[in-house]
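Line by line, the protein sequences are chains L and U.
Residue numbers for the first sequence, in my numbering: 1 to 326.
Residue numbers for the second sequence, in my numbering: 1 to 326.
Wrong hints could be hidden among the right ones.
List time: in silico SDA-like cross-link candidates among lysine to any residue, alpha-carbon distance up to 25 Å [claimed, not checked]: (1) L/Lys139 <-> L/Met82; (2) L/Lys60 <-> U/Leu126; (3) L/Lys120 <-> U/Lys25; (4) U/Lys125 <-> L/Asn149; (5) L/Lys163 <-> U/Lys125; (6) U/Lys60 <-> L/Pro127; (7) U/Lys125 <-> L/Ala184; (8) U/Lys155 <-> L/Gly21; (9) L/Lys234 <-> U/Asn100; (10) U/Lys60 <-> L/Ser123; (11) L/Lys155 <-> U/Gly21; (12) U/Lys97 <-> L/Met82; (13) U/Lys25 <-> L/Asn187; (14) U/Lys125 <-> L/Asn187; (15) L/Lys152 <-> U/Lys125.
Simulated from the structure, these hints should not be mistaken for lab results.
As the structure is a computational prediction, the values presented were derived from the model and not from experiment.
There are 2 protein chains.
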Amino acid sequence: MKTIKKYQEIIEQALLNKSYGSTPKELYDPIEYIMSLGGKRMRPVLVFIGCDFFCGNIEKALHPALAVELFHNFTLMHDDIMDNAPLRRNQTTVHEKWGNNVAILSGDAMFVKAYQELCKTDSDKLPKLLDVFNDFAIKVCEGQQFDMNFEKLQKVSIAQYLKMIELKTSVLLGGSLKMGALLANANESDAQKLYDFGKHVGVAFQLQDDILDVYADTEKFGKQVGGDIIANKKTFLLLKALEMVEGNRFMKEELHMWLNAPHFDPAEKVTAITSIYNFLNVREIARNEMKRHYDIALTFLNGISVAEIKKNELIAFADSLMVREV
Amino acid sequence: MKTIKKYQEIIEQALLNKSYGSTPKELYDPIEYIMSLGGKRMRPVLVFIGCDFFCGNIEKALHPALAVELFHNFTLMHDDIMDNAPLRRNQTTVHEKWGNNVAILSGDAMFVKAYQELCKTDSDKLPKLLDVFNDFAIKVCEGQQFDMNFEKLQKVSIAQYLKMIELKTSVLLGGSLKMGALLANANESDAQKLYDFGKHVGVAFQLQDDILDVYADTEKFGKQVGGDIIANKKTFLLLKALEMVEGNRFMKEELHMWLNAPHFDPAEKVTAITSIYNFLNVREIARNEMKRHYDIALTFLNGISVAEIKKNELIAFADSLMVREV
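Extracted from the complex, chain L is given alone in its bound form (with noise of 0.2 Å):
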């Protein structure tokens, strides 16, 4: 894990170096101010990895993890909007400091300084990574409304759900992936493979993510335990607890009774729908479906012409994404 550190410290130095423009300074203040957030720069750490493992040159992939890395902050800036959120990594969002039209327009400027910034990627490899970027683009924003959609709809299929997150969050990741395999010159199968190993990890993290929303142990997961319960999101879990309660109609009135309260006690709430999670065994059924991702992405990644030392590597830190208390 050595190598991840490094490449981070490889992505933040350029950003801390990045200049984005001046003036008018209410288009480039939230850029600045967005990027310098933090985060785990992982997007840009996949190009890297995927670059390197074709034995790639990293220095050529610094350009299009910083595309990367710009495209993912300008979707959170657009997102924040949409979804009404104040904070994000636990400042501010942008549209609460400087309003929601500088949060449109700020975003799209980012938008175009990532394209600026894949651009200068050499021009034999540029039309290729381009359709990968472009490719992903698109699908994060029909994640994205697709998301938007779920909050409104009565009735959400598991299979659209796992749909939308494929969308709106493991693309990004599986095109971070081929975006560093192409620039190492994978040939464009091997290269298909690693964007489907990326893509499936993505699903599986996202699953785990709605798994520790429930049942993590709270100082670890550095957030407050049942969130999503309290928000009613329609997480994996939500999902199939209301499928499975529509044959047993007292615990289909007292699921629905809990989502449709105005007013509750939050830690009650999450009590209750907890203990229904629990009954319905969603947990273990949802870590399934986790582990069924992992495992198509594990048949993807064996499937590619390396060595196993590359894979093992990759498998590693895939791994030490997954292992968190699930």
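Fit chain U to the given chain L structure using the hints.
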């Protein structure tokens, strides 16, 4: 002008045949909608003109032309949210019809679609075209932010105003021509001169619009005369007038009284401010500034190494856009 009509028809036909995506429909319906609202398709026409100016194959210009039109409509979709505009081309705006969140996200998706369209350009031309596209895209964002800032500012100089309209509207016209030129293998210097021609013609257009708002024949103009005056819009005429009344206490008080009046009869306000403009002769000053930019544009055009007949065609086209009642 027969050619222009032909170019417009090619664009309209291509747009009619185009499909952007299907689900989620909240993402794609607004794109279909705004692209179907029509307009003169001036920017894609300019891509064709720039390409033909250097005897390029205009079939190769279709994708970049569509990209520019998609980009332009993306900016309209987001600008309409920021400006709280109820109507666009006499139809309900996207955010009024579907809500702000849909307009933000659908606009983002449209921006990706613009890049996807651009990326269909032959790969040997793509990096240069992307540079031009990214450059005007960021400038258009800067221009829109300056425009929003100016609404809240007490004092805006003529220089600031000219810079704003250059960024917000003119660089896109120049950039469209330049993209066409580069497709036709124009050298960098000639392509840049065509860009500067388009940029200065664009500034002249905008100044013409400022004049027409006050002095147009209503029927020919197609919109209410005095709309800018009623809305206190900081046009060249108003900014110039504000500058000139500084030395005339009576007229300064009169102008500011109208600008600050919470209630007023619109027709009376238009008449009163027009009288001030007439007294100060700002129409003539604006017309001179317009002509100055038009002459600069011609100087750039004349510096380009192509046959005179091509230049005359382009001048005839620009003139046809400029000769409205000013």
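Structure-based check of all given hints:
| no. | hint | in the structure |
| --- | --- | --- |
| 1 | L/Lys139 <-> L/Met82 | holds, 17 Å |
| 2 | L/Lys60 <-> U/Leu126 | holds, 19 Å |
| 3 | L/Lys120 <-> U/Lys25 | violated, 34 Å |
| 4 | U/Lys125 <-> L/Asn149 | violated, 40 Å |
| 5 | L/Lys163 <-> U/Lys125 | violated, 36 Å |
| 6 | U/Lys60 <-> L/Pro127 | holds, 17 Å |
| 7 | U/Lys125 <-> L/Ala184 | holds, 23 Å |
| 8 | U/Lys155 <-> L/Gly21 | holds, 24 Å |
| 9 | L/Lys234 <-> U/Asn100 | holds, 23 Å |
| 10 | U/Lys60 <-> L/Ser123 | holds, 20 Å |
| 11 | L/Lys155 <-> U/Gly21 | holds, 24 Å |
| 12 | U/Lys97 <-> L/Met82 | holds, 16 Å |
| 13 | U/Lys25 <-> L/Asn187 | violated, 35 Å |
| 14 | U/Lys125 <-> L/Asn187 | holds, 24 Å |
| 15 | L/Lys152 <-> U/Lys125 | violated, 45 Å |
In this structure, the earlier hints numbered 3, 4, 5, 13 and 15 are contradicted, and the remaining ones agree with it.
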